[in-house]
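So the sequences go chain by chain: A, B, C and D.
Sequential numbering of the first sequence, starting at 1, is according to the numbering used here.
Sequential numbering of the second sequence, starting at 1, is according to the numbering used here.
Sequential numbering of the third sequence, starting at 1, is according to the numbering used here.
Sequential numbering of the fourth sequence, starting at 1, is according to the numbering used here.
Hints are computed from structural coordinates only; laboratory data are not their basis.
No residue lacks a Cβ here, since even glycine has one placed at the ideal position from N, Cα and C.
Certain hints may be false.
[Unchecked claim] Incomplete in silico selection of chain C near chain A, CB under 8 angstroms: (1) V5; (2) L21; (3) V24; (4) M28; (5) T31; (6) L32; (7) H34; (8) F35; (9) N38; (10) D41; (11) S43; (12) L45; (13) Y46; (14) V47; (15) H49; (16) V53.
[What the hints assert, rightly or not] Not the full set, but computed from the structure, chain C residues with beta-carbon under 8 angstroms of chain B: (17) M82; (18) R103; (19) E105.
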Amino acid sequence: MSALDILIILLRVAFGAFVPLSFVAVLVWMERRGAAFFQDRAGPNRCNVYGIRAGGLIQNLADGIKLIFKEDIVPGHIQHKLYFILAPMLVFITALLCFAVIPFADVLVLGDREYVMQAVPMDVGILWFLAVVGFGVYGIILAGWSSHNKYGVLGGLRAAAQVISYEIPMGLSLVSLLAVYGTVDLSAIAQYQGQLLFGFIPAWGFVLQPLGVIIFIVAAFAETNRTPFDLAEGESEIVAGYHVEYSSMKFALFFMGEYVAMFVSSALIVTLYFGSYQIPWLSTETLVAHARPVVILLMIGLPVIAYFFAGWIKKNNRTHYYRADDPRSRETAIYVSLLWSLVVVLEVILLIYLIFAAGGAADRILVLLLQIGSFLIKTFLMCFVYVWVRWTLPRFRYDQLQKIGWEKMLPLALLNIFITGAIIVSFS
Amino acid sequence: MAEMVKLFVNGQEVEVESGKNLIDALKVVGIEIPHFCYHPALGADGNCRMCLVGIEDGRPPIVPACKTPVQAGMKVLLDAEHIKKIQHDVLEFELINHPIDCPVCDQAGECSLQDYYMKYSLDDSRMRVDQVAKAKRMDFGCGVVHDQERCVLCARCVRFTRQITKTGELGIVNRTDAARVTIFPGRPLNNRYALNIVDLCPVGAMTSQDFRFRQRVWFLKKDASICHGCSRGCNIYIDHHREKYKDDIIYRFRPRTNLLVNGYFICDAGRLSYKEENENRQVTSLIEGRQAPFDETIAAIRQKLDQARKPLILISPDCSLEQMWAVRRVSTLYGASLSGFSDAYVKAGDGDDFLINDDKAANRRGLELLGIKTDRKSFIEALQKTDLFVNFNNDLHFSGVDEEIDALLGTVQSIAVCSHQRDVFKTASIILPIASYSEYGGTIINQDYVLQAFAKAVVKNEAGKDMLEVTRLLGGAVIDARHAWPGIRKSVACLADVDPAAIPAEGIKLQTGEDANVGA
Amino acid sequence: MSIKVRVVERKGRTFLEQLYLVEVVKGMTVTLGHFFRNLLDNSRLYVRHYPEVKPEISPRWRGRHRLTRHEDGSVKCVACFMCQTNCPSNCIMIEAGERFDGRSEKMPVKFDIDLLECIYCGYCVEACPMDAIRMDTGIFSVTSNSRESLLIGLEQLMETPGGFSEVDYHKGGG
Amino acid sequence: MSDRSQLISTGESFAFDAERDAEFERLVVRYPIRESMIMPALWMAQEQAGWISAEAIEYIADRIGTFPAKVLELATFYTMYQLKPVGRYHICVCRTLSCWLRGKQDIVDYLADEIGIKPGEMTEDGKFSFEEVECLGHCGTAPVVQINGEFHEEMDLKKFKALLATLT
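So here's chain A without its partners, still in its complex pose:
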């Protein structure tokens, strides 16, 4: 094993562990800001460090500090303290582990070595995901039960019943998808989606499985306990469900676990149905072959995007009432200058690349970075869908939830398998 191998492995693991974590902050921010904008409010806009609010991200910092320093209460009536403490860890760790098998870029070819861009390169990919995500609900059940609290137990029960109901349509929708791809390896699935259908349509999962994608997304929502399927929390009926007795960082783990799970399931949806890291019509090889024009396009595009973004910042980041010596104009000036500095730095890097490093390994790394960017943007947008749905739809009633799961999703998934099977058989 060469030093490069070890470095690449370290980088992969670091990516798999820290990207979901840092996305927690982004997602919490997105949830809050998104919720606010959906509801015609402003969202977090107070917390600041020397007047810099970073669009509300500083609020997350404040929340984090608060949760860390809050009193960590283990109620006296709890008999199984170990399980009580174990439960939030379980929820968080399982959510994090799921991400390990998701490829975030195409196989990196450096010289004669190939590096699979997954935290844990694993052939069984999707099965690992199904196994671990199903394990996550044990954390919730354990939390509800060990809380020794009626509401907690009810929340845990609901979570369990809900996960059982929705694992089935989810698995069945996957069956048809896997039949199409012919593999369970997520890397292979991602590569498959780099092809073009009929020469001009990207062969992404949602094109191949229009019904499957809907079933899978709905089931994924239920699996992650997100609205409209967050009956396990049900504030109006069971206070906060399974985490009613939790405080401080133990509560924060549940909270972060939920967002990691949301991120991971977004990543999986993207991997399975939305072309993973693939940039439409630009497969890995195409990109490697045309690295220079792509970079030149980027160099032109960056300042244009930055110009509009700066304009947007200037327009929106100001005080909407009379305020002497508005501190937000200062803040805006800082943001804009930072933005342009970033553009300049990127331009310089790209220029250096063009002049000195074009061709060979550098092209490969450039493509890797582009694909990672593509993957993250897609995942981010999928997360936005999560937020969007949450602030649009009301929570289902429990009986409605079960009815949809068993009476609608299950037959539809079965139907999907038949149709897919018929098509595959007739075409092969």
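Using the hints, position chains B, C and D against chain A.
Below, chains B, C and D without anything else, positioned relative to chain A:
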């Protein structure tokens, strides 16, 4: 039972007692005739004209009800238009110069004028001239404060001082709209019943310095009880109230009518004795000066009683009959000698021929009937022999220090089961707080052998335990007041037929041998 | 039975509505419209920039209480306990005492309002025969770091000035 | 009617002189109850001192054996008992209904404005004192003014001025 007669009120037949006037007779059957000046204790004066009623087929057609004795077949009109007009007009006259300062008037809420206005008038004043200004906040002495503007000149107060106390301090001076109640200059009220004037006054003209502005009457909870100030056992109302975040405290005592015992009045000393119930209370259990939990203190007392060779138990003559019985049981249980020595409670020469008695012990007759010795000689003998002295709330210093007894007390170990912090209990090695009489129920016998029952009124935040509970925990078999009675009935002949749950409000006059002799 | 029974037509019985998806997409379009409108120009948000921009309060708005005074500064309250009697949340605690300034015979010695218990119903203001207690201070934010400081007494109640002119108050605003 | 209950104390004890003492003893046996003697006794006290002081009332109450407050009631009720020194001419103006309706107020106002004495007051030179009294029983010839016990009926301002002019 007096003879009953039938008469008609507003065309309806009612049966009432004969020999009474219309107001009293009809009140018994629930028909109220408005009146200011009439009071059963003071007799009819007929000056207020509020009680005018119509008599059909009679002459004259309109008569004051207070001066009209009931007659068989009488046809009384109360709701006729002309009667209503009389009531309405009388009220209008009364209110011409009335300041209508109900918001600051202590009587508001128990004021006849206010009630009658709401019931019979409800009109705005038609007067367009200035009201006659009279003196306010006049100190009449004895804690009575007079407000001339509110006065309706019913003269109840004047008649009270002339007929009941026979001191005649008050008079109505001037005439017409300048008339007012006043004292002779330099001669304020000077009698021991003066505060009854405050109760008598149908409006807020007479207020008590002591109760003035302290609480609005509608907040007060009014519970019937018996005054423990002397052996008369006057019937009272305990007016108490628990304000938010505070303790349940007594604001005043008021007399409760009981013709067998105290009539309509109580003495000022008794009236103001409510303060004793609020202040200076023993609230903590102490063992050798150290605060201890109640249970621990009880255990300590039990231990001391068990170890003592010949304990002496002293009981207060203020205790209820049931408590005395229970303490007697405890004394037999521990082989203790029991005494009710309470000479200190007698203040010779303090009594009068009306309500106040020399003997300030509420239930001395109870001690007598239960056969508990009260004489000084036997108490001192027992005290000399004893090694443990248990005092059940008996204030030996009630009328000053008794040197001889104090000297003896200094030599023995003592335990005090007491409701108040008093000098005599201070030397005790164990002090156990108990409830005072406003906080428990029971029966007492007054000096005229009238057996009266009273109920628990006040519930303190830090409630002391009833003495019965203490004796029960000390091993006595008496669980509560009811369980004391089989034993009491057996041992006291004149109580043999008494059912404690069925003692009427006015009490039972006991037929004791002695009493029967006196009667004969 | 003479109760009129009205049969309400139930919505959501067609196949498309039963499918949910179409309705979900419709709803999501609406919310997305709001999202982008606000994202592109946040000056159109329906928000009040509290605490920098205070809300307009009408003179009849029931804020924190105050005790009014006569022209000479003495308290108008005569300690009649009407407010305490009427208070449904039992948050007013008065102690009365003698008054010697000739205005009345009685005045409050202590006048405590437990703002934590108060439900701001305004019955005390209605009950007051002297117009002595009012809720026209315009103070709507009753916050503190300790429970004790929210039990406000006579001094504090008298110190607080009214938030509106006498004319506006009696007119009731608007 | 003004408040008459503010008694004036002379600071000296009061007692009937020998003549009135004998008169008292002569009269008191006439009545079945001694309290009936209050009014004659008040008259006698007023004759003796010109007016009735607090001490006089206390003396009478003691002498009769009743409460001072009771004597005070009578002394304040009847306006013919003078509870303070009066002028040489004591003017009593009836204030009750008939006299009021027929214009007694003109006379009262005249006394207040021109002579300078309000009800219950006396001129500085001691010539006039003035009191509003309750019904004098001459309602048919209202308004009526009584000066030193002498009735002047159907008074009006003009007649009253003329009347005052005759007094020296």
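Hint by hint, here is what the structure shows:
1. Evaluation of the C/V5 hint against chain A yields a violated restraint, the C-beta minimum of about 26 angstroms exceeding 8 angstroms.
2. Below 8 angstroms, beta-carbon pairs count as interface contacts, and C/L21 has one with chain A at about 7 angstroms; its hint therefore holds.
3. Among the interface hints, the one on C/V24 holds; its C-beta lies about 6 angstroms from the nearest C-beta in chain A, closer than the 8 angstroms criterion.
4. The interface hint given for C/M28 holds, since its Cβ lies 5 angstroms from the closest Cβ of chain A, which is under the 8 angstroms cut-off.
5. Interface hint status for C/T31: upheld, as the beta-carbon distance to the closest one in chain A is roughly 4 angstroms, under 8 angstroms.
6. At its closest, the beta carbon of C/L32 sits 7 angstroms from a beta carbon of chain A; the interface hint therefore holds under the 8 angstroms criterion.
7. At a threshold of 8 angstroms, the smallest CB-CB gap from C/H34 to chain A is about 6 angstroms, leaving the interface hint in force.
8. With its C-beta approaching chain A no nearer than about 5 angstroms, C/F35 sits inside the 8 angstroms limit, and its interface hint holds.
9. Given hint, C/N38 at the interface with chain A, holds; its Cβ is 4 angstroms from that chain's nearest Cβ, closer than 8 angstroms.
10. About 7 angstroms separates the beta-carbon of C/D41 from the nearest beta-carbon of chain A, less than 8 angstroms, and the hint is met.
11. Taking 8 angstroms as the C-beta cut-off, the interface hint given for C/S43 holds, the closest approach to chain A being about 5 angstroms.
12. Interface restraint check: C/L45 against chain A, minimum CB-CB distance 5 angstroms, threshold 8 angstroms, status holds.
13. Look at C/Y46: its Cβ gets to within about 5 angstroms of chain A, closer than 8 angstroms, so that hint holds up.
14. Proximity of C/V47 to chain A holds as hinted, the smallest CB-CB distance being about 5 angstroms (cut-off 8 angstroms).
15. Interface hint at C/H49: satisfied, since its Cβ lies 5 angstroms from the closest Cβ of chain A, which is below the 8 angstroms cut-off.
16. Taken as an interface hint, C/V53 checks out: its beta carbon lies about 5 angstroms from the nearest beta carbon of chain A, inside 8 angstroms.
17. The interface hint given for C/M82 holds, since its Cβ lies 6 angstroms from the closest Cβ of chain B, which is under the 8 angstroms cut-off.
18. Of the supplied interface hints, the one on C/R103 is violated, with its beta-carbon coming no nearer than about 10 angstroms to a beta-carbon of chain B, more than 8 angstroms.
19. The beta carbon of C/E105 comes within 5 angstroms of a beta carbon in chain B, closer than 8 angstroms, and the hint placing it at the interface holds.
Checked against the numbered hints above, the structure violates hints 1 and 18; every other hint is satisfied.
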